[in-house]
Each structure stands twice: as structure tokens, then as C-alpha cells.
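From the two separate chains plus the hints, produce the assembled complex.
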Amino acid sequence: MELLKPELGLIIWTTIILLSLIFILTKFAWKPILKGLNDREKTIADTLNTAEKTKLEMAAMKSQHEALLNEARQERSLILKEAKDMKDAIIGEARDKAKSEGAKMIEEAKREIENQKMAAIIDVKNAAGNLVLEVSEKILRRELNNKDEQVKYINTLIEQSKLN
Amino acid sequence: MCEYLCATKKRAIAHKVLKFKLFITIFFIAVFAVPLISVAHGEEDHQHEHPAAQHQEPIAHHAPATDDGKFNAKKVILDHISDSHEWHFFSYPSSDGYKHAALPLPCIFYNSKNGFSFFLFNALHHGAVDGYSLNAEHKIGRTDGEGFYDLSITKNVFAMMLSSILLIWLFRTAAKGYTTRPNQAPTGLQNLMEVLVSFVRDEAAKPFLGKKTDKYLPYLLTVFFFIWINNMLGLLPGGANVTGNIAVTTTLALFTFILILTGSRKHYWMHILNPPGIPLGVKIILVPVEILGIITKPFALLIRLFANMTAGHLIVLSFLSMIFIFGQMSPIAGGGISIFSVAFSTFIYLLEMLVCALQAYIFTMLSAVFISEAIVEHTHSEEHH
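Protein sequence lines, in the order shown, are assigned to chains A and B.
So this note's numbering is basically just the index in the first sequence, starting at one, shifted up by 330.
So this note's numbering is basically just the index in the second sequence, starting at one, shifted up by 14.
Bound conformation, chain B alone (with noise of 0.2 Å):
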């Protein structure tokens, strides 16, 4: 009996597994293709950055996304996913070069030196600041070229933030129904939500943890909400690429690392260390590839959620800044094809929405099951050897 649920079990895992490779698979060939690409050109352009970094300029005015007039693709998109200190809205030109419409968020910085700096990124604009000034590139550094550390509440810090209110906000009501009305019908948001938390517990977490569910479900719901929402949130015109960031990636597959580290037991460690029912010539092969899993599993996750985000918005961008770079030649052409441009740019978007709650679910379904993997007192594999 129990081999034979154990076996649905491991077949229905399996179905979703190879669903999910196959997906994967699809997702990574586009994905790295992207990266890979403007990986490529991003060092031949760093050879010819240098030299412009030596002759200091005021910066203040720098006209957007131009070193010498003309558009340039790689950096306005480059400028768009990566983090920075102050949240830019849009450029307009005005009498003395460009104006930036931009909240400056605060700055902290630490140094040997100097100890903690606190200001707000506009005050760089006007001189430097507790010797931190801003170089060519529009990038903090130190005048005296010492090291420091940027613990700055910067635009992914602020957008965070604000999402982790909206949640908070979002949940608290939700959760106000069940106190209100009890064993009622859910109503408006309740309801709303009421699905989308029995589909993470019922989908992503019970399959795989079973007794242990309600353990784990508060992380796996905290992180599948806040990735989902920080990737739709990222979608917004003007909106932070906090889940493309590799840094906030990082961070929740450490948490999930962690957990799956706290939870596991022996068996998990021995059928890494000594794998049952295995030759001694594979398992020689077999247990370093087993101890390498134990940290690719987690650096799957932080590079799948990262990749995907961040090409979906590189697409976007791309094709937004051909009307641009076609435009230069001709505003016929740019005109031309920014038709193209904005029917394929739609889709994308659309796609990525898609994606949003698609790789917020594999994240934390991924997480659920790397977690059960490692929690798991007996294995049912042993009656299969």
C-alpha cells in the first residue's frame, strides 16, 4: 500500500519536475542567450570607457543615456535593471543640458575613516560629501580612493520596502475577514487571496512536505507573494528590477538554503556521504556530484529567478530602444519600426507577466521540495534498491 502511494507520489513529482525542465530548458536557452550577448559587448565597451573616466566633468547634467550625443542602447537599458541611489522618473531637456525628474534616497556609507555617512544622494550633485563624490560613470566613490561600504537604502531597498508595506497592507485585510467573520464565505480581497494562499499550500507546499507543511508554509508564502509582487511591481514603467537583482536572488535562495541546511537529518547527509545500494567505483564519482548538489540547488534557484527576470526586461528594453537606434539613422525608420517594436515589446510584456507568478511558484515550489528532500526521517527510494 504505501509503495504503492509512495510510487504516485514520486511519479506525480516527476511529472511536474519534467513539466518544469522542459520549461526551464526553453527559458535558459533565451535567457542566457540575452545576457550572454550583452555580456559580450559590455566588454568591449569597457576598454574605451576608461579613458573618459580620467578628464572629470560636471556630471550633474549629463545628458541621458549619452556619452557623446548620440543613444546609447547598452547603457540606457543597463541603467534601467541595475540599482541605484536615487529613483529616476524621466529626463527633459532644458536650457543647460538635460533636467533629471529623480527621488534622491539616502545614502549610507561606512569607512575605516570616516565611520557611518548619512545623506541623501542629491547632495553628491553639488561636491563631494564625507569624501564621497561621484566619478564619470555617475557611480559613488571615494576621493581619497579608499574602500567602503554601501549600505545605502537604494531604489531596490526602497521598492522592497514600499512592496513589503503593500503586502503587509494587503494581508492584514485579508486576514481581517477570518476574525470578523469566521467559517463565512470569503468575501472581495479575501477571497482574492484566499486562492492564491491554498493554491501555494495545496500546490507547492503540501505535495512535497506533507505533515511538515505548516512548518515551512509561512516562509513559502512570505516568499512567493514577495517575489511575485516584486516582479510585477519590476514591470511597472519606472518601477525597480528588485527580482532580476542578483543580490536579492541571493539572499532567498540563503533562506532557503539555510532552512534546507536547519531541517535536514541524517539520512539526508547519508545518502550525500554514502549513497545506498551504489558500487564503490560510482560512488566515488557520485559523492563529490552529491556534496556539489548541495549548493547548486540553491544557486539554481538564485540564478534561475535573476535570469529570468532580468531578461525579460532586457527584451523589453531591446526592442524599446530599436525605434531609438533606428530613429538615428532615419525617423522614417525609427518610425517604421517602432510599430514592430511595440507589438513585439506587448508580447513580451505580457509574457513576463506571465512569468512573474510562474517563477514565483517555481521558486517556492522548488524550495518546498529541495526542503522535503533534506527533512525526510526514512526514504521510500531504500525499497526500490
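In isolation and in its complexed conformation, chain A is listed as follows (with noise of 0.2 Å):
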């Protein structure tokens, strides 16, 4: 059947079609498409691996930053720490230093209060010495004129200089 018998002068003019289509394809086409998807791709993959090594490297940039944040929070909290120890140590002196002030204070005014008393007992001493003499200037005087009379008398002095 003649479907089936191939025609030599087809068969060379398609080897020379094929053969002149790959030279000029392959130049022409295939050469720049291939070479610019092969670019493309790698531009692509360079892209994302600098993406990705940015990423890393703002993660590493965050931690470093974290990591001073970090220092200078504990910075904070010892200049906190050192401020609130001066304070205790500047209260606690000043209560200390007021105590021993109150203390000597305290101890003057006993002192004060003992050289009071102590006047008050020389002034007491001295009023009962006056008073004895007084009485005993009355009681002189009195003896004179009635001896029941003197004896109560002085029971009574007595008595009133006990209630005194």
C-alpha cells in the first residue's frame, strides 16, 4: 500500500529541514531560553538563600540586641539594688546616729532631772532646817507659858509637818 512506502526524495528533504531547524533553533531558541532559564532559576535561588541568610542574620542581630537589652536590665537593677542599699545604709545611720543623740539627750535630762532633785532635796533640807528652826523658835516662845500645852503643840507641828 502506498500509505506505507516511504518516498526517498520526502525523507531527504525532511533530513534537510530537521537538520537546518536544529542548527537554527538550537542557536537561535533553544540557546538564550535555556541560558535565560537556567539565569532565572539561579537568580531565584541566590535570592532566596541571601533572604535566608538575612533572616539569620536579623536573628542573630535580635539576639545580640536581646542580649544587651538584657545586660542593661541587670545594670538597672543593680544601680536600683546599690541605691536602695546607700538608702538603707543612710537610714540606718541616721536612725542609729538619732538614737545615740536621743540616748544623750535622754541621759542629760536625767542628768538635769538628778541636779533638780538634788537641788530640791537641798532646797527641801533647807526649808525643813528653817521650818525646825521656826517651830523650834515657837515652841521656845510657847514653853514659856504652859508645858501641857507646849507638849501639845508640838504633837500637833509634828503632825502637820508629817501631812507636809
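A few of these clues could be false.
[Unchecked claim] BS3-like cross-link-like pairs, simulated, lysine-lysine; straight-line CA separation at most 30 Å:
no.	chain 1	residue 1	chain 2	residue 2
1	B	K190	A	K357
2	B	K89	A	K335
3	B	K190	B	K226
4	B	K190	A	K365
5	A	K372	B	K226
6	A	K372	B	K220
7	B	K220	B	K280
8	B	K226	A	K365
9	A	K335	B	K88
Hint data in this document are derived by calculation from the structure and do not stem from the laboratory.
Here is the structure:
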């Protein structure tokens, strides 16, 4: 059957056309297209790699940042602690000082009180002496009038002085 | 690790081949049924065509596709799918028989007596040129009955040239995008072509050829697009049935065959001539089969493409011819059958559009598979023996 008989002329022409088509397309189409495709694939891969790297860098920077922040935070708490200590120290010192001052003042006051008391006692002794003198004087005057009376009087005087 | 990789790769190939085999089996049954019927029909027709060749009559005004005024489906179909020295568009009746609207193509003949002869085909309508004339079957022969070589730019050659120009234009335009806007997103035609090019690269070439892809990719791409565009253009009404011509598919398969042979390594031949790990008794049977396999692989390529494309054309034309066959019985029958004929041929036509791409892909992929089998340096299959 004719359909199944390959024609020599057609084989020759097909060969010529195919060879020139392979040559032309390879030179003008496949090479630039495949190169463009490969280049683009490489560019995309590179870009993705760079992005990944940048991401890692960013993460590193972030952790660095965080470390710095932590350090600052620690320093802050340290400073605060120091300040607190200082405050406590100052307050403690002030309190001690105040305490000792107070004690001193109390001591002084006690001493003063003691002095005053002593003065008062002396005064009282003086007054008692005077009183005794006065009473003796009065007694001496009365003794001259009545003995019983005098005793009675002395008793009242004693009574009175007791009340005092 | 390597074994695992090889196993997965092999499984992938096996899966692809399996799918492909299923498809081919279905198609071969469909495809071979039609030409076989057609061949059987052709044989009986030939016998009563011989007497017709004896009486010389003016050929130029023969009615289209008829010998005796009746519609001859076989002739119509064969005229449509075979090569020709003119590009015939349509025929129309006029006062002195049928007239043909056809583009005459240049004829180039070589004969030992006349040397090279160049003339346009329509010159033969007015008589013999350089000892070449048309016979009763509308075929060119020599008046002195001698043999000659036909190197004409036939309809198929002309169609191949047109499609080649179209391909070059398409891919030149697409390639420009890469030089004018490097590393940018593709646009328009470039975008479309890029998808197809990377499909061939990633689906038909790389899985089989691996590192050697770059070497064979230009050939595979050219073949893929050459087959595809000619398949598609052949589907157009009036288009030339280029890839359904056995000479064209033979040439394509020869190209792959030459690449297989030139690329083949010692290992490939050793596997054929002395398959490892096989007992001698089996070897005696296997080696001739393997030697035959060298030829049958490219032969399968050429037959597959030819049969698929021819079958598609045959089926569409057969459905359409039914309208005229029934129309000759009665116009009502013709009109009635036309509904089904058109519906069926449209369905087949759409199927053929799929087959166009599929056959181009199969041819390209199998070429890559056959080449990869030949160029492999050391095989993994040895590890399994």
C-alpha cells in the first residue's frame, strides 16, 4: 500500500529541513531560552539564599540586641539595688545617729533631773531646817507659858509637818 | 542510598512506561483496525483500477474523487492524507467539468537521461514536460517508462517549511524576552513557550538523561515542537498530513536512531550481546531478540507516530464521507446521518488535538529513554542481579 512506502525525496527533504531547524533553533532559540531559564532559576535560588541568610543575620542581630537589653536591665537592677542599699545605709546611719543623740539627750535630761532633784532635796532640807528653826523658835516662845500646851503643840506641829 | 534512589527512579520510569503502554495498547487496537480495513479494501480496488489506466483521457478535468460520477470515499480519504505535488484547496463544478483551486508546487525530478528537471506541477496539465507526464491515476510517470528520482517540493515538504518558519518565528520572539529582560518574569508569548520548553526539559528529558540532558535537549525540543506543530497544522482543513506520512516519521526515527548509535557506550552493547547474569540457554534466545530490539525501538517510534496521525485523519474523514455515501442513496439519509457524522468527527477532532500533543510528547520522551539506555556508563540493574 502506498501509504506505507516512504518516499526517498520526502526523506531527503525532511532530513534537510530537520537539520536546518535543529541548527537554527539551537542557535537562536534553545540556547538563549535555556540560558535565560537557568539564569533566572539561579537568580531566584540566589535571592532565596540571600533572604535566608538575611533572616539568620536578623535573628543573630535580634539575639544580640536582646543580650544588650538584658545587660542593660541587669545593670539597671544593679544600680537600683545599690541605690537601695545606700538608702538603707543612710537611713540606718541616721537612725543610729538619732538613737545615740536621743540617748545622749535622755542622759542629759536624767542628769539634769538628778541635779534638779538634788537641788530640790537641798531646798527641802533647807526649808526643813528653817521650819525646824521656826518651830523651835515658836516652841521656845510657848514653853515659857504652858508645859502641857507645849507638848500638845509640838505634837500638832509634828502632825502638821508629817502632813507636809 | 544510591540503590534507593535508583529504585525510586526506576519505579517512576516503570510507572510512566506502564501508563504509556496502556495508552498505546488501546490506541494500537483502534489505530490498526482502521488501516487494516482500509488495506483490505484497497487490495480489491486495485484490481479493477488497472484497466482504467489503459485508456488515456484528459486528466485535468476529472471530477473530484470520482471515477464514474459516483462518490469514492476511499479515493477522497487517501487523497487527503497522502502527499501531493500541488496544494489542493477545493474543487468546483463548471461548464467543462470540475475545476480545482490548487497551488501548484515545484517539481524536481532526476533521471539518468534527462538529468535534473525543474517545473511547476501545473505545467503537466498541458502535456508532458521533459518526458514526465500524468497518468490516468493522476500520478507522475515517465513517458518512456524509465525510473526517476522525485525530489520535488511536495505539499508535505512545503508544509514542513512553513511550519519551520512558524517555529523559528515563535521561538525567536520568545527568546528575545530573555535577552531584553534578563531574570525578569516572562510575559506574553515568552511565558507560553517557557512553560512548554520547561515541560519538555523537566518531564521528557531530565528524568531519563540526567546530567546529559543539556547535550540532547536541543534535539528533543526541536523534535517535540516540530511534531506538535505539524500535527496541529495537519488537523486544519486543507492542511498537509506531514506527521502522518511514513517518510517523515521514518526520518525522525532515524535521527533518534543515529543519536542512540553515536551516543552508545560499551555497556549498552555488552547488555545486548552478553546480558549479565543470564544462563546460556536463555542467552541464545535473548541475544537475537536484543539485537532485533536495536531496530525495533526506533521502528516503534516511526510506526506509532505515523499510525496515530493517519488514523485520526482517517476516522474524521470516514465520518464525513458517510454523509456523501448516504447522500447518494437519498438526500434525506445524507442529511440525517450528517448530524451524527459531524458530532462524531468533532469528537474525534478534539481527541486528535490531545493526541497531537501526546504523540509529540511520547516521541520525545521515548527518544530520551532510548538515548539514555544507550549512553549510560554503568548500569544499576547489575546491582540487582
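Going down the list of hints, with the structure as the test:
1. Between the alpha carbons of K190 of chain B and K357 of chain A the distance comes to roughly 13 Å, so the proposed pair stays at or under 30 Å and holds.
2. Straight-line distance between C-alpha atoms of K89 of chain B and K335 of chain A comes to about 17 Å, which keeps the hinted pair within the 30 Å bound.
3. The straight-line distance between the Cα atoms of K190 of chain B and K226 of chain B is roughly 26 Å, inside the 30 Å bound, and the hint therefore holds.
4. Only pairs whose Cα atoms come within 30 Å are accepted, and K190 of chain B paired with K365 of chain A is accepted, the gap being roughly 12 Å.
5. For the hint linking K372 of chain A to K226 of chain B, the alpha-carbon distance of about 19 Å falls within 30 Å, and the restraint holds.
6. For the hint linking K372 of chain A to K220 of chain B, the alpha-carbon distance of about 17 Å falls within 30 Å, and the restraint holds.
7. Only pairs whose Cα atoms come within 30 Å are accepted, and K220 of chain B paired with K280 of chain B is accepted, the gap being roughly 22 Å.
8. Between K226 of chain B and K365 of chain A the CA atoms are separated by roughly 16 Å; this keeps the pair inside 30 Å, and the hint holds.
9. With a C-alpha separation of about 18 Å, the suggested pair K335 of chain A and K88 of chain B falls inside the 30 Å cut-off, and the hint holds.
Going down the numbered hints, you'll see the structure goes against none, and every one checks out.
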